[in-house]
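**Student:** Each chain, letter by letter, is given below.
Protein chains: 2
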Amino acid sequence: MNSEKPIRIIASGKYLPVEVSSEELEEKHNLPKGWSEAHSGVISRHHVSFESIGFMGARAIEAALEKANLGLADIDLLISAGATFDYPLPSQSSVIKSELKEGMSCHVPALDVDTTCLSFVSAFEIAAKMLDGDQYKRIVIVSSEIASKGLNSQNPETLTLFGDGAAAFILSYDESSPSAFIKAYFKTWSEGLNHTMIRGGGAVHFFRDYPYDEKLHSFDMDGIKVLKLAAKKLPEFMDFVCKDLSITLAGVDVIVPHQASKAGICLFKKMFDLSAGKVKENIATYGNCIAASIPLLLHDTIEKNEIRRGDLCMLVGTSAGFSIGALLFRY
Amino acid sequence: MNSEKPIRIIASGKYLPVEVSSEELEEKHNLPKGWSEAHSGVISRHHVSFESIGFMGARAIEAALEKANLGLADIDLLISAGATFDYPLPSQSSVIKSELKEGMSCHVPALDVDTTCLSFVSAFEIAAKMLDGDQYKRIVIVSSEIASKGLNSQNPETLTLFGDGAAAFILSYDESSPSAFIKAYFKTWSEGLNHTMIRGGGAVHFFRDYPYDEKLHSFDMDGIKVLKLAAKKLPEFMDFVCKDLSITLAGVDVIVPHQASKAGICLFKKMFDLSAGKVKENIATYGNCIAASIPLLLHDTIEKNEIRRGDLCMLVGTSAGFSIGALLFRY
Chain F
1 MNSEKPIRII
11 ASGKYLPVEV
21 SSEELEEKHN
31 LPKGWSEAHS
41 GVISRHHVSF
51 ESIGFMGARA
61 IEAALEKANL
71 GLADIDLLIS
81 AGATFDYPLP
91 SQSSVIKSEL
101 KEGMSCHVPA
111 LDVDTTCLSF
121 VSAFEIAAKM
131 LDGDQYKRIV
141 IVSSEIASKG
151 LNSQNPETLT
161 LFGDGAAAFI
171 LSYDESSPSA
181 FIKAYFKTWS
191 EGLNHTMIRG
201 GGAVHFFRDY
211 PYDEKLHSFD
221 MDGIKVLKLA
231 AKKLPEFMDF
241 VCKDLSITLA
251 GVDVIVPHQA
261 SKAGICLFKK
271 MFDLSAGKVK
281 ENIATYGNCI
291 AASIPLLLHD
301 TIEKNEIRRG
311 DLCMLVGTSA
321 GFSIGALLFR
331 Y
Chain G
1001 MNSEKPIRII
1011 ASGKYLPVEV
1021 SSEELEEKHN
1031 LPKGWSEAHS
1041 GVISRHHVSF
1051 ESIGFMGARA
1061 IEAALEKANL
1071 GLADIDLLIS
1081 AGATFDYPLP
1091 SQSSVIKSEL
1101 KEGMSCHVPA
1111 LDVDTTCLSF
1121 VSAFEIAAKM
1131 LDGDQYKRIV
1141 IVSSEIASKG
1151 LNSQNPETLT
1161 LFGDGAAAFI
1171 LSYDESSPSA
1181 FIKAYFKTWS
1191 EGLNHTMIRG
1201 GGAVHFFRDY
1211 PYDEKLHSFD
1221 MDGIKVLKLA
1231 AKKLPEFMDF
1241 VCKDLSITLA
1251 GVDVIVPHQA
1261 SKAGICLFKK
1271 MFDLSAGKVK
1281 ENIATYGNCI
1291 AASIPLLLHD
1301 TIEKNEIRRG
1311 DLCMLVGTSA
1321 GFSIGALLFR
1331 Y
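Residue numbers (the numbering used here), protein chains in the order written: chain F, 1 to 331; chain G, 1001 to 1331.
So here's chain F without its partners, still in its complex pose (with noise of 0.2 Å):
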């Protein structure tokens, strides 16, 4: 079956912080000068000083809706895509909905989805699937992440690696338009759950029982294991994603990959011998921002120019847990 759905993407927004370059967070960490570029690949990243995950969420929505001149009253549903939170309870996209300028006025339901890195990908198919037309005629998608404040001091690999910043995506059902979702693909491995991870602040490390330890309540990554079980697992999932379909990796006009790692990128282009102009990338100005980095990377490709309306784009990448994602989708 898997056949295509005329979803097409109207606008997008984004919403940066203030850019931090690696000097600042090399001297600020006793880092030699050129590590960050060198071992993570990053140049600079956003970091935000007051802006909370609803903030920057908003802010992202209100420049997709101006863009695409409509109201929140013309949203049928609000997706947060995201895997850090303002607060634990209630959901992400409720204090999204509620910091946005018409959020008091307009009552549209909010919906929060996460898996990890590849929440905006995971939102993205359930938007494509619940778009009829009728009820849900137009959908927006948001990825909000910060990812700044839970970084381990004594870690320089993830301290220079991680960037903050915030996307959004509307979607619409639009029978008049060649752009259609084609399908979406996901695995989740459950012998890569421990190598990434935040482990405390939740039920099983509760907060009043063990105080703030930086070990504990940071990211913890161990880059080298995730690396070698995603070159493991991609040829297969890659495989499985195209099954059914008229359509090969080489046959994609545009690819925008998670951008986990400068490795892991490479790993990717080399793995399936893919052209540098093909893969977009943006991981030496942005960082890793955990969801926010693919709509981000998706977000810039529209405003370069760099696809075209009718491409062929695919959406890869994978998350904690651990998991591999795709989405094929016709621009």
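FYI, nobody ran anything at the bench for these hints, they're computed from the structure.
Glycine residues also receive a C-beta, built at the ideal position from the N, C-alpha and C atoms.
Please note: incorrect hints may appear among the correct ones.
To be verified - Each computed DMTMM-like pair below joins lysine to aspartate or glutamate, with the alpha-carbon atoms no more than 20 Å apart: (1) 243(F) to 1074(G); (2) 1005(G) to 132(F); (3) 1187(G) to 76(F); (4) 225(F) to 191(F); (5) 1028(G) to 209(F); (6) 233(F) to 1102(G); (7) 243(F) to 1076(G); (8) 1233(G) to 1300(G); (9) 1137(G) to 1191(G); (10) 1278(G) to 1300(G); (11) 187(F) to 1134(G); (12) 5(F) to 1004(G); (13) 5(F) to 175(F); (14) 1187(G) to 74(F); (15) 1269(G) to 1281(G); (16) 1137(G) to 244(F); (17) 1187(G) to 1239(G); (18) 1233(G) to 102(F); (19) 1215(G) to 209(F); (20) 1005(G) to 134(F); (21) 225(F) to 157(F); (22) 243(F) to 1132(G); (23) 233(F) to 273(F); (24) 5(F) to 1134(G).
What the hints assert, rightly or not - Sample of chain G residues with no beta-carbon within 12 Å of chain F, all distances over it, derived: (25) 1062; (26) 1068; (27) 1071; (28) 1118; (29) 1178; (30) 1247.
Let chain F serve as the given structure and place chain G on it in line with the hints.
**Tutor:** Structure of chain G alone, referenced to chain F:
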């Protein structure tokens, strides 16, 4: 539009930790005997001792799989639908999956959906929209919640109201059955955002900067304000749910409401003049189990043969944010 879709609940399962009587809680927290039943309507509830959210969720899924005589390999997607989490990262669904007996050998994708207390209802709608008899033949939804850890010992109302537990449902696409998903409908009123929150532990009050403080890190609810807002919005909301359908609330056979509070359930029954037999209830022996309340109640209703195949059923409730949601299906 809102055409019916051939979606069928094929099995469900639950897991409950040890029962805790109101007498025990009243003694522990120096409350007068009978306080809990009088104020929250809860005689007993279940609280975890050794269990994690992942453990309970995995046991509930295994119970549902056993009942359906299926293995994890027969499932195409695992959705964790809830508000509480074992770890801030990765997603709760990947944690639950890793704790399943077959979790390491099966690579079913795992996805989190969160609309706090309405998470199961949201996930039911998403599953219904994704099930296609092809890529998604069967989806398991699990709501596993530990409410007991985030309670303020100075707030007797929430201390006695909340319970822990998990329930899982397997949904399938089945054209040969009269079972059907009919419609779901949600609305979010941001004026109620501050009525129900856990303020500390996310990016806004990050634990590095805000050490554990019972008030800041506990569940905080203004029950009166929530009840007033629900009473104000419910009539208009119910009109919208039934709009475009040849269904009225009076024609629904079984109503499974979220067990937010005794007062909330009473208000709902009175407001719509619903008979006691039609509106199911378990708050007296389960308390409010956040997102697990609705699936636990639905599971027990099925087990007790209080719902028959072909019956028209409504799931309905309120959630933090503030949202109201409802879902209609033919069992």
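**Student:** Each hint needs a verdict: does it hold in this structure or not?
**Tutor:** So, going through the hints one by one against the coordinates:
{"no.": "1", "hint": "243(F) to 1074(G)", "verdict": "holds (19 Å)"}
{"no.": "2", "hint": "1005(G) to 132(F)", "verdict": "holds (13 Å)"}
{"no.": "3", "hint": "1187(G) to 76(F)", "verdict": "holds (10 Å)"}
{"no.": "4", "hint": "225(F) to 191(F)", "verdict": "holds (11 Å)"}
{"no.": "5", "hint": "1028(G) to 209(F)", "verdict": "holds (19 Å)"}
{"no.": "6", "hint": "233(F) to 1102(G)", "verdict": "holds (19 Å)"}
{"no.": "7", "hint": "243(F) to 1076(G)", "verdict": "holds (16 Å)"}
{"no.": "8", "hint": "1233(G) to 1300(G)", "verdict": "violated (29 Å)"}
{"no.": "9", "hint": "1137(G) to 1191(G)", "verdict": "violated (39 Å)"}
{"no.": "10", "hint": "1278(G) to 1300(G)", "verdict": "holds (14 Å)"}
{"no.": "11", "hint": "187(F) to 1134(G)", "verdict": "holds (16 Å)"}
{"no.": "12", "hint": "5(F) to 1004(G)", "verdict": "holds (19 Å)"}
{"no.": "13", "hint": "5(F) to 175(F)", "verdict": "holds (9 Å)"}
{"no.": "14", "hint": "1187(G) to 74(F)", "verdict": "holds (14 Å)"}
{"no.": "15", "hint": "1269(G) to 1281(G)", "verdict": "holds (11 Å)"}
{"no.": "16", "hint": "1137(G) to 244(F)", "verdict": "holds (16 Å)"}
{"no.": "17", "hint": "1187(G) to 1239(G)", "verdict": "holds (12 Å)"}
{"no.": "18", "hint": "1233(G) to 102(F)", "verdict": "holds (19 Å)"}
{"no.": "19", "hint": "1215(G) to 209(F)", "verdict": "holds (15 Å)"}
{"no.": "20", "hint": "1005(G) to 134(F)", "verdict": "holds (15 Å)"}
{"no.": "21", "hint": "225(F) to 157(F)", "verdict": "holds (14 Å)"}
{"no.": "22", "hint": "243(F) to 1132(G)", "verdict": "holds (17 Å)"}
{"no.": "23", "hint": "233(F) to 273(F)", "verdict": "holds (17 Å)"}
{"no.": "24", "hint": "5(F) to 1134(G)", "verdict": "holds (15 Å)"}
{"no.": "25", "hint": "1062", "verdict": "holds (15 Å)"}
{"no.": "26", "hint": "1068", "verdict": "holds (21 Å)"}
{"no.": "27", "hint": "1071", "verdict": "holds (15 Å)"}
{"no.": "28", "hint": "1118", "verdict": "violated (9 Å)"}
{"no.": "29", "hint": "1178", "verdict": "holds (22 Å)"}
{"no.": "30", "hint": "1247", "verdict": "holds (15 Å)"}
Figure legend: structure checked against the earlier numbered hints; hints not met, in rising order: 8, 9 and 28.
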